[in-house]
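One letter stands for each residue in the lines below.
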Amino acid sequence: MAKTPLQAAQSTDHGYQHHVVPTWKYVATLLALTVLMLLTVGAYYVDIPAVGPISGTVMNQTVALIIACTKTALVVFIFMGVWWGTKLQKLWALTGFVWFFLLGLILIDYPMRAYESVQGWEGERGKAGHGQDGSALPRVVTPSSQDQPVAPDEINLRPRG
Amino acid sequence: MPFNFPLAPPSASTFAGPYDTLFYTLCAFTLLFTLLIFVGVIVFAVRYRQGSKADRSRPVYEDLRLELTLLGIPTILGLIFFYFGAAQYIHMRTPPKDSQDIFVIGKQWMWHAQHSNGVRENNTLHVPIGRNVRLTMISQDVIHAFYIPAFRTQMMVVPGRYTTMWFNATKEGEYHLFCNMYCGTQHSEMGGKVVAMAPEAYTAWLANGGDNSPQLTMAQRGERLYNGRLACNNCHGVADNPRGPSLVGLFGKRRTFSNAVAQVADDEYIRESILRPYNKLVAGYGQEMPAYESELIDGKLTEENILELIAYIKSMNASTAAGTNVAPGGNNLNLQPLSIRAGAAGPAVNALAAEKEYSEATPTGHGKNLGVNAYAAENNR
Amino acid sequence: MSAIGIPAPVEEHPHDTRTNYLNVAHTLKSWLTTGDHKRIAILYLISISTFFFLGASFAGMIRLELMSPAGVILESETYNKVFTAHGVVMVFLFLVPGIPAIMGNFILPIMIGARDLAFPRLNLLSWYLYMIGGGFIVASFVGGGIDTGWTFYTPYSSMYSNGQVGLALIGIFIAGFSSITTGINFIVTVHKMRAPGMTWFRLPLFVWSMYATSVVIVLGTPVVAITLLLVLLERVFHLPFFSPELGGDPVLFQHMFWFYSHPAVYIMVLPAFGIISELISNFSRKRIFGYHFVAFSSLAIAGLGFLVWGHHMFVSSQSMYEGLVFSLLSFLVAVPSAIKIFNWTLTLYKGNIRLQSPMLYALGFLGLFTIGGLTGLFLASAGTDVHLTATYFVVAHFHYVMVGGSLLAFLGGLHYWWPKMTGRMFADGPAKVSALLVFIGFNVTFFPQFIVGWLGMPRRYHYYYFAPEYQVYNVMSTLGATVLALGLIMPLFYLTHSLFSGARAAANPWGAHGLEWETTSPPPTTNFYETPIVQDEVYDFDPVAEYEQQRATSEIFDPGHPHRRIDKEGESKPGIAGADHSSSRAADGQKEDR
Amino acid sequence: MATIAHPGDHGHGGDHGHDDHGPLHHQFEDIEQQNECYIVGMWTFLVTEVMFFGAFFLMYTVYRMYYQLDFYRAHEHLNIPLGAVNTMILLMSSFFMVMAVQGAQLHNRKQVIGNLGLVQLCAMGFLTIKFFEYKEKFADHLVPGVNFTQNAAELHGANLNHAQIYYGLYFGMTGLHAVHILVGMLVIGALGAMWIKRDKLVTEDYVPTELIGLYWHFVDLVWIFLFPLMYLLPKPH
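Protein chains in written order, with this note's numbering: chain P, 249 to 409; chain H, 198 to 578; chain W, 221 to 814; chain R, 20 to 256.
None of these hints come from the bench; they were simulated from the model.
Don't take every hint at face value.
What the hints assert, rightly or not - What the simulated footprint calls covered on chain W by chain H, stretch by stretch (three residues with Cβ under 8 Å from a Cβ of chain H suffice, anywhere in the stretch; the number is not a length):
no.: 1; region: 480-491
no.: 2; region: 498-507
no.: 3; region: 540-551
no.: 4; region: 574-588
Only a predicted model underlies this, so the values are computations on that prediction, with no experimental measurement involved.
The beta carbon of each residue, even a glycine, is placed where N, CA and C say it ideally should be.
Make the full structure from the sequences, and use the hints.
Quick look at the structure:
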C-alpha cells in the first residue's frame, strides 16, 4: 500500500512534500525496538566486567543508555519522521537534546566538590567522601549507607539476601 | 543621630587590600567606559541633532575591523579581570593549613559560634588578629550566609553539609556580622558583630570562658560556668545521683546536712558550698567535691563568677529542668540541667545546645522591638 | 525610506472609512474571545500595566520602610511579604511577559508582514494563562502572603515558610506556560510567516531579539516550571527532592532555579535591546551600525546566557572549580552586550537625530544599561562577588539592568508604538518631562544603593539600626524613588488623555522605517490590506540625502523658521507624497469619531 | 518599502472570519505554510517538554551519582517484568500511532480509526499496569513522606532516607509521565471522535493526526529512558 495513486494525487494537490513511509519500515522499526527492549532487559542480568578504569557498574549503565539512545533515534527518525523532515524539524529535534545536555553543566559541580582544598577535612573526606560504593555526598553529614543500612529506629538491620 | 557618609567599609582583613585594589580598578574601568558612552551619546545627540549643520557625508554602516576591535577589547579586558578575580576567589576559598578552627552554627535567627576550647558565643564572634582563622559552618534549618563586610568575605551556611571560610583579621575593632541569605522573619536581625582582638587579649578572653559576651544575663553566664569550664553538671544533674545531689529547685529549700543540722539554702549557703563544700555536706553524700576556695585565691574563679553561678542555680527550678533535659544521643552519663556541655562533641551535635542557649538568650519577638536583641543596643553606637 | 517610487495604496484612502482592529467590534466578548494579536496585545497592556503598578506600589512600601533604620510602618514579617510580592510581581508578571507579550504581540507580526501570529488561539490562551497565573499569585498575597523572596530558595520555601507558597508556585507555573506558548508562537511566526521578500537579514532587529528571547523562553522556562513544581510537591506531599534531612541537596535547587532564572534576565532584557535598536536607528534616521553584529549578538546572548547561571552561586557552596568556569563564561557573555552598546552609540554618529520622547528613553537606556552592564563585571568576577553577593550592590545592579534597561525600553517602545496601537498622538512635551524624571529619579534611587551595598548592607534587610551609617543612602534612595514614581505615573495621565483628545496619528508619525509604518494607524484586523512585498533593506535611511531634502523643503515652506513645520507635524518624510496625505488626513480625522 | 498588491491573492483576507472552519486559517497563505507552522510549533513544544523532563532526569543523575548503592537496593523492589511489559505496550502503541498517521496521509479513515483505537487500548493497558504497580507501593508504604516504611529489609537494606529520594523520583517521574499519558489519551480520544464524525478539520489533511502522533511518540521516548533508569539499575560490581 506504499505507493497509492491517492498519495501521489495528494502531494501534488497541496505541493507539500510529505513522505508516506511504507508499512514494512514501520514494522521493521517496531521489531528492532522490541529486540532492543529485550536486549536491555537481558543486559541487566549480566554483570559486564570493568573496562580499564571504568567500573562494571558504569559499563552496565552505559550499555543500557546506549540502547535507550538507539531506541530514541529509531523513534525520532522513523516514527516521528525526522528522517524525511525539513531542516527546521531536524534543528529543533537536535536543539532539544543538545540543550538538555547543557543542564549537565550542573554536574561539574558535584564531583568537583570533593576536590576542593579544605585542609583539615581530608581525614573526614577519606571516610565519608566517595566511598567504595560512592554512596555518600562528600562532606555531607547525613548518615551514609555503607555496608550496613542505617534505619532511624534500628528496627531492622537484616542484611539483604 | 548625625549623618555620616562612609564611602567604603572598614578594611580589617588580609583580603581587604587586594580586594579593594581589584574593586577600585573595576570602578575606574566602569567610570571610564560609562564616561565614554555618556560623552559619546551626548556629543552625538547634540552634534547630529535634527537640523544641525554637521557634516553627515559618507556615513558608515558596517566596519568589520572596527567591530572586531570592539569585540576584542572587552574580551581581553574581561579575561584580565577574570584572572585577577579568579585568583582572589581561589585564595578566599582555600584556607591555609595552619588555620585556627572556629565552628559556626546558623539557626533562625542567630549565629552560634564555638571556639575550639569550648567557649561559645551567640551573634558575636571573637577572633584574634594576625592569625588565620577558619570557620567551619553548618546550618540547623534553612540556608544562611555568614558575611563580614569588613573582612570582604562571606559564605553560605547550608543545612546538611559543612561549608568553610577563612580570613586573617588585621585590625582590632568591632565589625558588622550579617546573615546575608534571606532566612525568614527576623533575617535582618540575625547578625551581630565580629570582635577582632589582639592575640593576647583573645587568649585571655578564651581563658575567661568568653564571659565578656555582653549579651548574656548573669544566670546565662553562670550556666556557662556550670556546664562549661567548671563542669558542675558532671555531678549535679537534674536528679540526685550517687556522685552528687541535684541542685534543681535548691534555692530556698531546706537542706539537711550529714551532721543533722538543717538550713534554708540561700545565697550565702551556696557560696559557702562552692568554696568550702566540706563544711556542709548534704546528708547521704561524702566529701567528693573539690573546694574552690583555692581557685578564688588564684584568681581563676572570681566573685563575679560565684554570683553568676548563684544566679544560675537560682534560676534552675524544676520546670525548666524537666522541660529541657533532652540530651541528644540519649546516653549521657551526666544529666545536664539546661544545656549540654560544650566542646564535648562536634558542632553538629552541639547545635541543639545552641538552640537551647538561644531560646534563653534571645526571647523571640516578631515585633520591631529594638531591645529584642541585646546586640542591637550594643551596636547602636 | 529612501527613494520610493510608488506611494503605497493605503495612503490614498482616508483611513477612517475602513474599519481598524479597534472599531471592528465593540463588545466585551469580542475582546475576550479575540484571536487578533493586536487585541491580545492590548489585553496584555492593560493587565501587565495593572500588575506593574501593583508591583511598584510594593516597591514604594519597601522604600518608605527603609527610610528609618528601625522601620516605619511594617512588621518584619509584613516587610518580607512585601518585598517578595514586589519581586514576584515584577519578575514573573511584568518583566518576563512585559515587552514580548505587549510590543512583541502587537508589532512582531506587522513587522514581518504577517496577517497574524501563527497560532492566534494559542496566543489568546497565553493571555488567559497569564491571567490565571496572576490570579493565583494575587490570591497568594491576599490569602496570607508569601515571605520566601522571589527566588524561593529551599529548604526555606519547601519546609519552613508558613505563607501561601503553594498558591504562588502554582501561579508562577501557569504564568510560565503563558510565556512558553508566546515563545512557541513567535518562533514559528518568525520562521514561517514572513512576507515575501522579508529575508532573515531584512528583519528589523526587534524581530531578531524577539526570536532570541523566544528561544530562551522555550528552552529555559520548562526547567523552572518543573523545579517549582518539585518544591510544591516537596511542600505538599513531602517528596524529598531537596530536603537536606534525607540527604538531598538544597543547592541543587539553586542550580535548577538559576538555570532558568539567569537566562530569564535575558528574557527581560533582550526584547529591550530590540526596542532600543529600533528607536536608535529610526530616530537617528540612519541604518544601524553593524546590523549583523547586533543581530547575532542577540543570539549569542541567548546561547551564552544559558551557561552562566552559576555566577549567582559563587558563595553558595558550589564547587570552587565550577565557580571559576562560570566566572569565565560570565565575562564572555558581557561581550555581546558591549558590542550592542558600542554599535548603538556609533549609530548616532552622523545620524540626523530627533530628540523626541521615545528617543530620550532610548538615550537614557544607553546610559543606564552601560552602568548596569559594567557593574555586572564586579559580580561576574568571582573574587569581587564574594563580598558583594546579595548586598544592595546586586540590588542596584539588577535594577539598573531591569529598570534602567527593560523598563526604559518598555516605556520608549510604548511611546514609539502608541500612535500605531491607538491611532492617537500623545503630547510629546509631558512625555519628555516624564523621560527626564524617570532618568533622574532612577539614578538618585539606585546609585546610592551601589555605595551602600559596597559598604555591606545585605539585601532583604528590614532593619539596619545596628548599622546607622547606612541610613543616609537609604534616605537618598527613597527620595529618588519618589521622583521616579512621579515620572512613571505621568504617562498614565498623558497617554490616557491622548486616547480621548490626542490628534489622529498618521500612518507614519515618526518618519520611521519598517513595515509597521506602512499600514494605517491603527492597523486593520489583518494588518495590511494587501500582503506586502518587501523590496528594500532594513533601516534604509539616507541621512545625507534626507538632510539635504529637508533643508530644501523647509526653506521653501518656511524660510524664516527652518525645520519648524516638519517638527510640528511630527512627520518627516519630505519629498514623498504621503507626507501631505497624512497631514491632511490627521486634520480630517480629528473631526471624526473613532 | 513598497507595498503593492499581492498578485496571487488567495482570498483569505481580512473578511475571512474564524467561523469558517476550513482547514486553512486566515493568517496563512496556503495549506503548506499552515502545515509547516503546525509541525514546527509542535517540535518547539516538544523541545520544551524535553527540558521539562530533562530537569527531572538531571536531578535523578545527581542523586544517583551519590547514592548509587541505595538506589540499587531500593530499585530491587520494583517489578521488572511489569516494567518490560509496559515498555512493550508503549512501543506497540507508537507503532499503531504511526499506522494511524499513515492512514491519515492516505485518507484511509478506517485505518486511522482502527489504529487510534488500538493506541487507546495500549494506553489503558499501560495505565492499568501502572495502577497496580502504584497500588503495591502504596500498600508497602513506599510513598515518601511521614508514612514511609521503616522496614529496611523491604528495601533490601537501602538507607531509608536515600530510598525516599529514590521513590520520590520514581513517583515524580513516572507520575508526570502518567499525566502525559492521560493527556495523550484525551487528545487521541478527541481526535478519534473527530475522525468518526468525519470532521473536515482532521480528515482533509493528515497534519492534525501527525501532531498528536508526535506528542505520543515523545511520551513513548520518555518511557524509553525511564525504564532502564528506574527499573534496570545495574548491580554495583
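Structure-based check of each hint:
1. Here's how the region 480-491 of chain W fares: 0 of its residues keep a CB closer than 8 Å to some CB of chain H, so the rule of at least three is not met and the hint is violated.
2. Under a criterion of three residues with beta carbons nearer than 8 Å to beta carbons of chain H, the stated coverage of the region 498-507 of chain W is upheld, 3 such residues being counted.
3. As drawn, the region 540-551 of chain W meets chain H at 6 residues by the rule of a beta-carbon pair under 8 Å; at three or more, the given contact holds.
4. Using a Cβ-Cβ cut-off of 8 Å, 5 residues of the region 574-588 of chain W lie near chain H, which meets the minimum of three, so the contact claim holds.
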